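With the hints as your guide, set chain W onto chain U.
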Amino acid sequence: MSGTGPTNPQSRSHSDGGLRNDLQTLVGQCLTGDQVAMLALVERFRGQVFGLCYRMLGQRQDAEDAAQETFVRVLKNLHRWDQARDFEPWLFAIAGNRCRTALSARKRRPMSEAVLDIIPDKEPDHRPAQQLAEEVQLALATLRDEYRQAFVLFHEQELSYADIAAAMEVPLGTIKTWVHRARRELIEYLRKRGAIPEQIPLTALRDNL
Amino acid sequence: MPSAAFRESTNPMHCREFESRLNDILDDRGQPRADAQLAAHADACDPCRQLLAGQQVLFAGLKHRPLPPVSAGFAGRVVAQAAPASVVSRGSSSRMWWALATVVSTASAVLLIVSLVWQARRGNVPQPSDNLVNQTPTAPARNHRAPGSGLALSQGDWLIEAPRLPSRIRGGYRGTIDNLAVALPETVQRAGEHIAPGIRPIRISFGVLLDALWRTFPGSHDDERPTRTSYHALHLGQIA
Chain U
815 MSGTGPTNPQ SRSHSDGGLR NDLQTLVGQC LTGDQVAMLA LVERFRGQVF GLCYRMLGQR
875 QDAEDAAQET FVRVLKNLHR WDQARDFEPW LFAIAGNRCR TALSARKRRP MSEAVLDIIP
935 DKEPDHRPAQ QLAEEVQLAL ATLRDEYRQA FVLFHEQELS YADIAAAMEV PLGTIKTWVH
995 RARRELIEYL RKRGAIPEQI PLTALRDNL
Chain W
74 MPSAAFREST NPMHCREFES RLNDILDDRG QPRADAQLAA HADACDPCRQ LLAGQQVLFA
134 GLKHRPLPPV SAGFAGRVVA QAAPASVVSR GSSSRMWWAL ATVVSTASAV LLIVSLVWQA
194 RRGNVPQPSD NLVNQTPTAP ARNHRAPGSG LALSQGDWLI EAPRLPSRIR GGYRGTIDNL
254 AVALPETVQR AGEHIAPGIR PIRISFGVLL DALWRTFPGS HDDERPTRTS YHALHLGQIA
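Those protein sequence lines, which keep their order, are chains U and W. Residue 815 is where the first sequence starts when you use our numbering, and the numbers rise one by one after that. Residue 74 is where the second sequence starts when you use our numbering, and the numbers rise one by one after that.
Note that these hints are calculated values from the structure, not bench results. Incorrect hints may have been included.
[As the list claims (entries may be wrong)] In silico EDC-like cross-links for lysine to aspartate or glutamate, where the CA-CA straight-line distance does not exceed 16 Å: (1) U:Lys990 x W:Asp97; (2) U:Lys990 x U:Glu1012; (3) W:Lys136 x U:Glu972; (4) U:Lys990 x U:Asp959; (5) U:Lys890 x U:Asp848; (6) U:Lys990 x W:Asp101; (7) U:Lys990 x W:Asp100; (8) U:Lys990 x U:Glu972; (9) U:Lys990 x W:Glu92; (10) U:Lys921 x U:Asp959; (11) W:Lys136 x U:Glu970.
[As the list claims (entries may be wrong)] Listing some non-contacts, in silico: residues in chain W with all C-beta distances to chain U over 12 Å: (12) Met86; (13) Glu90; (14) Lys136; (15) Pro139; (16) Trp171; (17) Leu173; (18) Ser178; (19) Ala182; (20) Val190; (21) Trp191; (22) Val281; (23) Leu282; (24) Trp287.
[Claimed, not checked] Heads up, incomplete: computed chain U residues facing chain W, CB under 10 Å, no partners named: (25) Leu853; (26) Arg860; (27) Ala881; (28) Lys890; (29) Glu948; (30) Leu957; (31) Asp959; (32) Arg997; (33) Ile1001; (34) Leu1004.
Fair warning: this is a prediction, and the values are worked out from it, not measured in the lab. Each residue gets a CB set at the ideal place from its N, CA and C atoms; glycine is no exception.
Chain W with its partners taken away, still in its complex shape:
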């Protein structure tokens, strides 16, 4: 048998080329036996012949490898697991946006109402200046801070030091709400009669709702209610 040096020098193909060519043929899913150069080199080179035999054994083993069957009902289990979720996920996307929009709009409305109510109620709070005028000389000073705390303020301090709008502007807020309560239903009523007479029940419901809302304002009294010319003619019987 020729030595390795002899083989490298006399064979037209070197061992490195042999493996490279073998890989190229296998990459193209070809048959190595169809290549005369490979056969000639393997004839004279034991390691390369072993490599060739090795790939032959490997592919014979690959061909005969058993694949166990998938258990019965596999596809059904997959669909049962995936189908409801896939339908729900598509449907839930639009529902999620609707829910988000509802939450945001509700929160905005609540915030608006709370801020309006708060501003309106502030108009009823006694003025600090009035309190100071009526204070007795022995009353403790309410604007001093707690010892050891530069920022802590008592409740009384807040009543005095909380920022307030001038009473003229606060009165303006109150007036705005009153005007809104009067003008809005009338505007809606006029628009409804001219544009869409069919929305009358909705309009009446809206009016009743606004009226109920006004009654539930903390601190509101019947005698403070603005004149609601359009409401006086309405009562719940009209809704039906």
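Just chain U, with the same shape it has in the complex:
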């Protein structure tokens, strides 16, 4: 990992030598036009890229389109990847750009076409895990695009702050601020939606923490 991030023992180590060498070999094969290697590269990162796109866009079809565009761009521009740097920040930078482009296009479309997969209830009555997950997805949709991207990359893709800063091309401190604000706004949204109980027994909190 590119050095300036916080001490992060639980995060994935993207600088693992073996994985990196494997990836460089795979990329080298892709550059020769090896379609099997291209398939392998797409399969390897498909889940992560689609996950980011889905969390950013909230619609499966839009997310799949954005993920497809991302991989097509990646494969066409593999020769531009600086192999001295990590692959994932470069990949997520392209994915983030595709998502922002899709969001901009969606803002220009009529509202009836831009509907999230999840329609919020007026008043949620109980909180099983599925409903809570839907509430979180809705809460994410209310965030600013850059807050949402930074939050998803950190908490779901588990990238380090340094890698996110590289992917989004902003200073590391800005990324931290965005993630902190995202957390706070998400909690505030959940509280307003009644997802967080007003009175919490401390014992219950301690048991669940």
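Frame of chain U, contents of chain W only:
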């Protein structure tokens, strides 16, 4: 329940510190419950306890969020879309340079030939001074300009006023082309015989091409053709 002022004054950790510490722990992907100071402050402070409960609910929701599957054949579609273009883009780069070089060299050759032909033909155009000598007195003056137009010139004006090289130099151009047509094939023939005898068919083709080019010059006549000592011995049958 203690008031906010009481809480701020009696707790060793303030609410602002609580949130900052909570963020630090989450940034390090740690567990807030392992921090005794956070638990102690949350025990006495409702807003901070709500904040702690909120992050707990948030991460529980994040954990259970479903991710729909990507449709079948996703990777194949990507590769089908990207692979031909990527191969073509790499191959087309070198092809583009070759095409550019070909176009530039062809354009240069055409420009050179056209300029040579133009200069050669100018040697055949009757001299303006000759025309002026043969003009009848009643012929209209050709060097006056059209009324109301300071720059417009008639075609006849151009014949008179266009810049021309002296006939001695124009004759030199013509002579240069003639000499080139004679000397170049002979030089090529000599060089070919001494250096690379295997290029004889190419040389013969070149000679025939140059000869054909000369014949296609506008205004050229057989009697104007220079003596081509090396050509006289050649005919198309030799190429085969």
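With a cut-off of 10 Å on the beta carbons, see whether U:Arg860 makes it to chain W. U:Arg860 check passes; min Cβ-Cβ to chain W is 6 Å, inside 10 Å.
Once the shortest beta carbon distance from U:Arg997 to chain W is found, is it less than 10 Å? holds (7 Å)
Is the Cβ of W:Leu282 more than 12 Å away from each Cβ in chain U? Nearest chain U Cβ is 41 Å from W:Leu282, so the label holds.
With chain W as the partner, please determine if U:Leu853 meets the hint condition of a C-beta pair closer than 10 Å. holds (5 Å)
Holds or violated: U:Lys990 and W:Glu92, Cα atoms, limit 16 Å. Holds, at roughly 14 Å.
Hint validity - U:Lys890 Cβ closer than 10 Å to any chain W Cβ: holds (5 Å)
When the nearest CB of chain W is found for U:Leu1004, is that gap smaller than 10 Å? holds (6 Å)
Straight-line Cα separation of U:Lys890 and U:Asp848 no greater than 16 Å? holds (13 Å)
Does the claim that W:Val190 lies outside the interface with chain U hold up, using a Cβ gap greater than 12 Å? Fine: 47 Å to the nearest Cβ keeps W:Val190 off the interface.
Taking 10 Å as the limit, does the beta-carbon of U:Leu957 come near enough to a beta-carbon in chain W? violated (12 Å)
Can we confirm that no CB of chain U comes within 12 Å of the CB of W:Met86? holds (15 Å)
At 12 Å, judged by beta carbons, does W:Trp287 keep clear of chain U as stated? holds (49 Å)
The earlier numbered hints that this structure contradicts are 2, 14, 15, 30, 31.
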